[in-house]
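Q: Please model the entire structure based on the sequences and the hints provided.
Protein chains: 2
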Amino acid sequence: MYFAPRMDELKPSDIREVMKIIAAKPGTISFAGGLPAPELFPSEDLREVVNGLLNDKAGQALQYGATLGYQPLREKVAKLMEREGVKATADNIIITAGSQQGLSLSGMLFLDKDDVIIAESPSYLGALSAFKPTESQVVSVACDGGGMLMDDLERVLAETPNARMIYVIPNFQNPTGKTWTMERRQKLIELANKYDLPVIEDNAYGELRYEGERIPSIASIDTEGRVVHLGSFSKILAPGLRVGWISASPELILKFELLKYGADLQPNELVEMMIDGYLGSFSLDEHLKKIKAEYKARRDLMIDVIRKEFPTEAKWYYPEGGMFVWIELPERINTRELLKKAVDKGVAFIPGGSFYPNGGIEYAFRINFSNMKSDKIVQGMEILAELLREELK
Amino acid sequence: MYFAPRMDELKPSDIREVMKIIAAKPGTISFAGGLPAPELFPSEDLREVVNGLLNDKAGQALQYGATLGYQPLREKVAKLMEREGVKATADNIIITAGSQQGLSLSGMLFLDKDDVIIAESPSYLGALSAFKPTESQVVSVACDGGGMLMDDLERVLAETPNARMIYVIPNFQNPTGKTWTMERRQKLIELANKYDLPVIEDNAYGELRYEGERIPSIASIDTEGRVVHLGSFSKILAPGLRVGWISASPELILKFELLKYGADLQPNELVEMMIDGYLGSFSLDEHLKKIKAEYKARRDLMIDVIRKEFPTEAKWYYPEGGMFVWIELPERINTRELLKKAVDKGVAFIPGGSFYPNGGIEYAFRINFSNMKSDKIVQGMEILAELLREELK
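Protein chains in written order, with our numbering: chain Y, 27 to 419; chain A, 27 to 419.
No lab work stands behind these hints, which were simulated from the structure alone. Certain hints may be false.
In this list, chains with the same sequence are indistinguishable; a pair is considered to hold if it fits within one copy or across any two.
What the hints assert, rightly or not - Once the Cα atoms are required to be at most 25 Å apart in a straight line, the calculated SDA-like pairs of lysine to any residue come out as:
(1) Lys83 x Ser307
(2) Lys139 x Asp34
(3) Lys46 x Lys83
(4) Lys419 x Tyr382
(5) Lys366 x Ile409
(6) Lys83 x Ser69
(7) Lys318 x Gly372
(8) Lys139 x Leu36
A: So, in structure tokens, the structure goes:
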């Protein structure tokens, strides 16, 4: 049988492959997946909400609904966008199946075969998987601790006439944990305006800031309606619910509606109403306060071991929020090989090579601090520190 | 800004547009949408299941899960495929966001720009919307009450070297309610084998048979692993849950997994576990018995008014199951115009032109009998009968 040429581009996600290895070895201390802490899910509150819904509103919650999403939830999400400095109404919002679907629909909206996406190096590999079915290519821009290097971005833009969109994760980036400075955000918008390009601002981690001041979103300084801002309840409520959103100009939202209709008709009505009910009856801020306190404590524990026990040749970035620490080793160390040794000792991480769309850099790795409990973090990090000391001696 | 060329292909769904008109006029008797009866949703049973889940298994139900779907649910769905005469294991199953996502992923797997889908005339318009982003084209095959006309299919296959897949709805087709004979199913598989084409068998309505014998699925007579069978819980449990499945060869399932990962990472874990729990603790057969009895009664009421009160010039098909009756009027009647008059009188349907991918036939319409209660069906059908008598006199 014949398959569409796009299938040649698709390969299994390295992360999902690592997760399978871990699943096959129960008891592994996993710093691999970008998983929230399950013990912090507001399950009791959600239970109360869904109980009420299936008692009083089952006929609506279990029925077909609107492609754009449940209107009261769209209104509440528009309100949430104020935190990002964005004035939005429900007309600016479409509900998606996690922000992953926002990525996939953005690819479909902007990318044709051989078009170019400009992305950070490294970048979120799930986004690269979401864009690949369009048969587009990624051109990477060099980054430092403050985001993309604007000189490099200007060079790439000047050299890439078929660039069609810019994809960035400005807050607590996946995989590096880096956060863009305000200056870089402003310069990015200037350049996007100059080259008439859309900017996909992936903000899955924005609410998880453990210190320092919130930096306004790129969407908040967009005056031309060219930013597609992706938000998600996965990291702040629960990923199993698969609810995220796109905030963009009403013109773009109508185009996303057409794509969403073809892709899966509409969001999950029951779960939309659950989240709407949760936001109406409980305090998201109280919940965020709780999970941020815990994630901060876990990050601090992880950083503490890195500071005290990692070899000095291991370079790392201090994340002010999010879920990840990014480690760069000397170039002679291949972290795919290192992973095998680590898993043998009972610890897992994600090799950094997976995050480089054009490959080549195999000496970094990503560790997650949100999922494992404190004792496991200390235990796992000490195993990792010992392994690194052996490998780097 | 530049948009991908696929966006030129996408237009708002006529059905969703009609639904908006109806929503703006509360009290309309709607035979338009393909909606199940909300009062028959097993909401109390689902409430019991989700309560238990959020008490005992919240850490899993609200967490990230597998791209292919929740393993126990995949096993139960494989078992359900026995009803279709298909021997399946979990390796043959991927869970999707309704069968709409199964359609969309099938398009991505098999279709490139300018490729051709061979489909029934008329066909389900949501499928056409799902395939359109691939920039493929539809070539229609003429049908009678027993499915596609095999002479016409052979002619089309011989004339269309860039045909890449065959899309059919063999049971209680949307929009016509027609069911394919066994002979046509067998001939279809022979031709698919001869031309080495995949067959997408959309079976959203298969369980809703109100009389006569179940006819084996096309998947059950496929010996070469070329049938992609799409199932759904939308019509037999609740569409708001957005859970369907693809049953296919393990080789194809792995390709669908790659596409699903890019599209939205994974199914909704909570809702998968809800359905799994429901299937484990309650009797789907008992529930089906209940909804089938009610839908049969509603169909009979609708058919009764058609038989007694519709002008004889109105031709229609007797559906042995499903949710729809299809009416063909004399060619001089434009049913888009007719809809406006009907809505003024308080009744809605879907004009048939929407279901012809290449347009041109504007004198048919589809009416749904599953959603409205008995008294509304009689009341609405009498209004429609009177309108037709006026228009056709």
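Q: Now, for every hint given, state plainly whether the structure supports it.
A: So, going through the hints one by one against the coordinates:
no.	hint	verdict
1	Lys83 x Ser307	both (16 Å within a copy, 23 Å between copies)
2	Lys139 x Asp34	both (13 Å within a copy, 15 Å between copies)
3	Lys46 x Lys83	between (39 Å within a copy, 21 Å between copies)
4	Lys419 x Tyr382	neither (27 Å within a copy, 70 Å between copies)
5	Lys366 x Ile409	within (13 Å within a copy, 72 Å between copies)
6	Lys83 x Ser69	both (20 Å within a copy, 9 Å between copies)
7	Lys318 x Gly372	neither (27 Å within a copy, 54 Å between copies)
8	Lys139 x Leu36	both (14 Å within a copy, 18 Å between copies)
Hints 4, 7 from the list above are not met by this structure, while the remaining hints are.
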